[in-house]
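Taken in sequence, the protein lines are chains A and B.
Residue numbers for the first sequence, in this note's numbering: 1 to 160.
Residue numbers for the second sequence, in this note's numbering: 161 to 944.
Any given hint could turn out to be false.
[Claimed, not checked] FRET-style restraints, in silico, Cβ to Cβ:
hint, chain 1, residue 1, chain 2, residue 2, range
1, A, Asn105, B, Asn331, 52 to 60 angstroms
2, B, Glu293, A, Gly58, 17 to 25 angstroms
3, B, Gly342, A, Ser137, 51 to 59 angstroms
4, B, Asp237, A, Asn57, 44 to 52 angstroms
5, A, Ala86, B, Val288, 18 to 26 angstroms
6, B, Val286, A, Ala86, 26 to 34 angstroms
7, A, Ala86, B, Pro227, 48 to 56 angstroms
8, A, Gly58, B, Asn331, 37 to 45 angstroms
9, A, Pro73, B, Gly818, 40 to 48 angstroms
10, B, Lys436, A, Pro73, 34 to 42 angstroms
11, B, Glu293, A, Ser137, 38 to 46 angstroms
12, B, Asp347, A, Ser132, 57 to 65 angstroms
13, A, Ala40, B, Val288, 45 to 53 angstroms
14, B, Val286, A, Asn57, 25 to 33 angstroms
[Said to hold, decoys possible] Facing chain A, from chain B, some residues (calculated, C-beta under 10 angstroms):
hint, residue
15, Glu294
16, Arg369
17, Tyr370
18, Thr372
19, Arg373
20, Trp375
Worth flagging that the hints you see were computed from the coordinates, not collected in a lab.
Where is the CB? At the ideal position from N, CA and C, for every residue including glycine.
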Amino acid sequence: MSIVRDIASVAKGMSITFKEMFEPTQVENYPDGPGPMHGAQFEERFRGQHVLQRDENGLEKCVACFLCAAACPANCIYIEAAENTAEQRISSAERYAKVYNIDYNRCIFCGYCVEACPTDAITHGHGFELASLNATSLVMRKEQLLTAMPAQPTTPTLPK
Amino acid sequence: MADVTLTVDGKKITAPAGTLLIDACRKAGIEIPAFCYYPGLSLQAACRMCVVRIEKIPKLQTACTTPVAEGMIVATDTDEIKQSRKAMLQLVLANHPLDCPVCDAGGECELQDMTFKYGAADSNFVDVKNHREEQQWSPVVYFDRPRCILCYRCVRVCGEGMDVWALGVQNRGVSSVIAPNGGDHLDCEECGMCIDICPVGALTSDTYRYKTRPWEMTHVSTICTHCGDGCKTTLGLRSSSDGMEIIRGDNRDKSGINGDFLCVKGRYAFDFANHKDRLTQPLLRNAEGKLVPASWEEALTFAGQRLHEIRDTRGGEQIGVIGSNRATNEESYLLQKFARSVLGTNNIDHHRTADYVSFAKALAGQEQRAASLREAETAPAILLIGGDPTEQHPMLAWNLRTNVRHNRARIYVVNHQEIKLRRQATSFLKISAENYSAFTRFLAGEENSIFGAEATALRETLATEPNLLVIFGSELRGAAIEALVRYGLSLPDTKFACLGDYVNSRGAADMGLYPDMLPGYVPVQQPGAFATEYGERFPAAPGLDLPSMLDVAARGNLAALYVVGSNPVHRYGVAAASLKNTFLIVQDMFLTETALLADVVLPIANLYEKAGTVTNTYGDLQLVRKAADRAGVRTDLELIVRLADTMGADVHALVPFGQGTRADMGQSRGAQSGEADRHAVWLAAQNLEPKLSPFDPSALLDEIQRLIPSYSFSRLELFAGNDQHVQATSKNNALVQISNLSQRPDGVLPSMDTLFTSGTMGRYSSKLTEVHDSRNKEILVAAN
Chain A
1 MSIVRDIASV AKGMSITFKE MFEPTQVENY PDGPGPMHGA QFEERFRGQH VLQRDENGLE
61 KCVACFLCAA ACPANCIYIE AAENTAEQRI SSAERYAKVY NIDYNRCIFC GYCVEACPTD
121 AITHGHGFEL ASLNATSLVM RKEQLLTAMP AQPTTPTLPK
Chain B
161 MADVTLTVDG KKITAPAGTL LIDACRKAGI EIPAFCYYPG LSLQAACRMC VVRIEKIPKL
221 QTACTTPVAE GMIVATDTDE IKQSRKAMLQ LVLANHPLDC PVCDAGGECE LQDMTFKYGA
281 ADSNFVDVKN HREEQQWSPV VYFDRPRCIL CYRCVRVCGE GMDVWALGVQ NRGVSSVIAP
341 NGGDHLDCEE CGMCIDICPV GALTSDTYRY KTRPWEMTHV STICTHCGDG CKTTLGLRSS
401 SDGMEIIRGD NRDKSGINGD FLCVKGRYAF DFANHKDRLT QPLLRNAEGK LVPASWEEAL
461 TFAGQRLHEI RDTRGGEQIG VIGSNRATNE ESYLLQKFAR SVLGTNNIDH HRTADYVSFA
521 KALAGQEQRA ASLREAETAP AILLIGGDPT EQHPMLAWNL RTNVRHNRAR IYVVNHQEIK
581 LRRQATSFLK ISAENYSAFT RFLAGEENSI FGAEATALRE TLATEPNLLV IFGSELRGAA
641 IEALVRYGLS LPDTKFACLG DYVNSRGAAD MGLYPDMLPG YVPVQQPGAF ATEYGERFPA
701 APGLDLPSML DVAARGNLAA LYVVGSNPVH RYGVAAASLK NTFLIVQDMF LTETALLADV
761 VLPIANLYEK AGTVTNTYGD LQLVRKAADR AGVRTDLELI VRLADTMGAD VHALVPFGQG
821 TRADMGQSRG AQSGEADRHA VWLAAQNLEP KLSPFDPSAL LDEIQRLIPS YSFSRLELFA
881 GNDQHVQATS KNNALVQISN LSQRPDGVLP SMDTLFTSGT MGRYSSKLTE VHDSRNKEIL
941 VAAN
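Start from the sequences, fold in the hints, and give me the full structure.
Structural data, given as structure tokens:
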């Protein structure tokens, strides 16, 4: 009897195997998939490489308040602030971040910086292919983190 | 006054009658919030944050204006009071912009703290906030009107505290606004007290504007490097690519001798340290006669070998040494020891700004007669002869004004100029500049027809003052000081203070940067213990003073000159050609007029970049803590020791380091396990480092304390950051007869600095220069 029982259980197991063989694939085909994500699929809330946002006028949202750096448990954000002038306006408030570096050697993608930001300037994007053989390239500058300018940048015009 | 007992929140507390309730509570550890109340200033009762419930009084009362009374029963922590405070905050916040992320006060704002505490985060007001553009009132002061909460602290500190009255209030009630009395700009001393005292970010400073946030900086409190008052300034530091950069200076740590006060120099004139012309590499003069960068090894070896050669071939008397008014006590002491025991010369001097030698001589044998800066705030009567404290000793002027305001002190001003302090004075006597000496003799009783009835009346009044504090400026020297001190000693319990110009002018004098005086004003002719301490090269005869050294150099008879942190070429107007036959070594931060002529230039650290002690002009000894750091510079202490080493001198004899105690070099360090040297960390924390390094200033402090009897002070207090008053002389000095001192030239050259200048260093402070220029422009405009 035991032989019959053994064959039955093998057949039961193999029936699942053969059934699944003809079902559509469930796994992500990363990194051989199509598109810029190479087949990776993310939830909206995925915390990837940061993106520094711009406002509707194309000005940087970051006002260099240092709250993200203060909130950062890994101490990986470095900021130098500077004042906006009438000739050169970078952000909409009085000051802007002249230097904004994130050290991805240290970043733990906890999202505290995003939570701390009072102007919603720093957000988590979906950039995730950060691995590098050169650690220095993991310190990303503001230029690398900023979102692209809108297609047609509108410089704010002050009322005359 | 008699004590009264009252009950606050069920707790019995006792306070002297007349104390304000808010002070009594705070002293007992019961916190009462307040914006407008500031200890020492007049009462305002504007913010209504300090309201408390006092039994049997129908309405809530302001604790800041209510004096304590016997049997008073007070509640400070009820729901009613919390609700009232929360409502007050909501009113304050009704028009306060929520721009904390970009506000410079964010993180150290009293309004933020209180809102956090009382939870007034929600607002019942729906109206749009009233926005106004930010205004710049002066080179250092910005005003953001909507942030202002109308506590009037700035108005009071500017008027009462500084006696400047540059700020006022326009309009009434809800439309009140703080405004400069000078229209659109401040007509003031740029002290920045209004910025410091502002509880919010309404008044902000230009130097710190949008640079960083308070929590991003390391804060180190050290002694300001400018005038002779030696205030404590807190430097905010951030690491930069070449060390630690000073971002701001302020009075965050109010534990110093200066209390609440800090002037324009202490607050803004730190920027010379970040000046672009700062030297960070040694320079050597090459065959073409140009100064070119060299390595430290090259420069020190070259300088040391040349000095060695000159000493052995032409003798120590052909070498001159000029010390600094801004170096620490340890460095000044080491410099003169190096000159006397290694170079074998007594040709050592510094730019003298006051005649401390005559002062010490006049006070010889007396004890506790030299006054501390603190006593200017408590003395019942002050005689101020010469000097201009408002311009040159702002902290002293602050103390004197406070003393008049709080204690109704009597100040008798005698001056050749109409100095500003006469406004607080009981009497002001104008004498001509050449009559100071005659006036001191007149005080002592010598009749003189040039002084009229006013002077005689002053003399009679002074005779009735039992606890007089006599403060005199650098106009008085030599015999005049002696006459004045002799006169003062004839009155009961008189104390004295002598005003010199720079942070360690007094220290340089105490440490013996004189050709004829050893540390502690011991004459070279009677060296006592120093004869054996300083070895066989120590010359018996006094050396040349600074002007004589320059004269001898001009005649081509000075083989070498070693200048440490001083600019004698500019100060004494020396012709460039007169130093061409002299081997010149200059240690300085910049290529000054003197450094330009040097054969070797060694870049040094300033007072903010090293540790040690300094003595202010009143004799208050304070600890200097290393705050900033700059790659490429060395301290004077290190350079003197290394120079001595390249000359083949015994460094152990020069600096008593590494004697006795041995640090644990490895047993507990566990380099493999990556552990810190706990033993060394503990020793450092207890200020018990074993002085293993020849560059450790505390090793020299040991020697200073051992050899200068008047430098007896508590190390515990000193290292805890408190000021320690040292006397100019000790009782032992009475035994030493100083002969022919009356013929000795005092050699004093007052620097004539104002609030906005600070010797050569001041020229390299861009903020100070900017303020100075803008002030001159205003004066020009006013004149036209």
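So does Asn105 of chain A sit 52 to 60 angstroms from Asn331 of chain B, Cβ to Cβ? Since Asn105 of chain A and Asn331 of chain B have Cβ atoms about 56 angstroms apart, the given range 52 to 60 angstroms holds.
Mind checking the hinted window 37 to 45 angstroms against the Cβ distance between Gly58 of chain A and Asn331 of chain B? Since the Cβ atoms of Gly58 of chain A and Asn331 of chain B sit about 40 angstroms apart, the hinted range of 37 to 45 angstroms holds.
Go ahead and decide if the range 48 to 56 angstroms is satisfied by the Cβ distance of Ala86 of chain A to Pro227 of chain B. 53 angstroms, holds
Would you check whether Glu294 of chain B satisfies its interface hint, that is, whether its CB is within less than 10 angstroms of any CB in chain A? 8 angstroms, holds
For the hint on Trp375 of chain B, does the least C-beta distance to chain A fall short of 10 angstroms? Check passed: Cβ of Trp375 of chain B comes within 6 angstroms of chain A, closer than 10 angstroms.
Interface hint outcome for Arg369 of chain B [beta carbon to chain A under 10 angstroms]: It holds, given that the least Cβ distance between Arg369 of chain B and chain A is near 6 angstroms, below 10 angstroms.
If I claimed the Cβ atoms of Ala40 of chain A and Val288 of chain B lie 45 to 53 angstroms apart, would that claim hold in this structure? With Cβ atoms ~47 angstroms apart, the hint holds.
Double-check Thr372 of chain B for me: the hint is only fine if its C-beta lies closer than 10 angstroms to a C-beta in chain A. With Cβ-Cβ at 6 angstroms, under 10 angstroms, it holds.
Beta-carbon spacing of Lys436 of chain B to Pro73 of chain A - inside the hinted bounds 34 to 42 angstroms or not: The hint (34 to 42 angstroms, Cβ to Cβ) holds, given that Lys436 of chain B and Pro73 of chain A are roughly 37 angstroms apart.
Can you let me know if the beta-carbon spacing of Asp237 of chain B and Asn57 of chain A is within 44 to 52 angstroms? For Asn57 of chain A against Asp237 of chain B, whose Cβ atoms are near 49 angstroms apart, the range 44 to 52 angstroms holds.
Is it true that Val286 of chain B and Asn57 of chain A lie within 25 to 33 angstroms of each other by Cβ? About 27 angstroms separates the Cβ atoms of Val286 of chain B and Asn57 of chain A, which means 25 to 33 angstroms holds.
Hint says 17 to 25 angstroms; check whether the CB-CB distance for Glu293 of chain B and Gly58 of chain A agrees. Holds, since Glu293 of chain B and Gly58 of chain A (Cβ atoms, about 24 angstroms apart) stay within the stated range.
Of the numbered hints stated above, none is contradicted by the structure.
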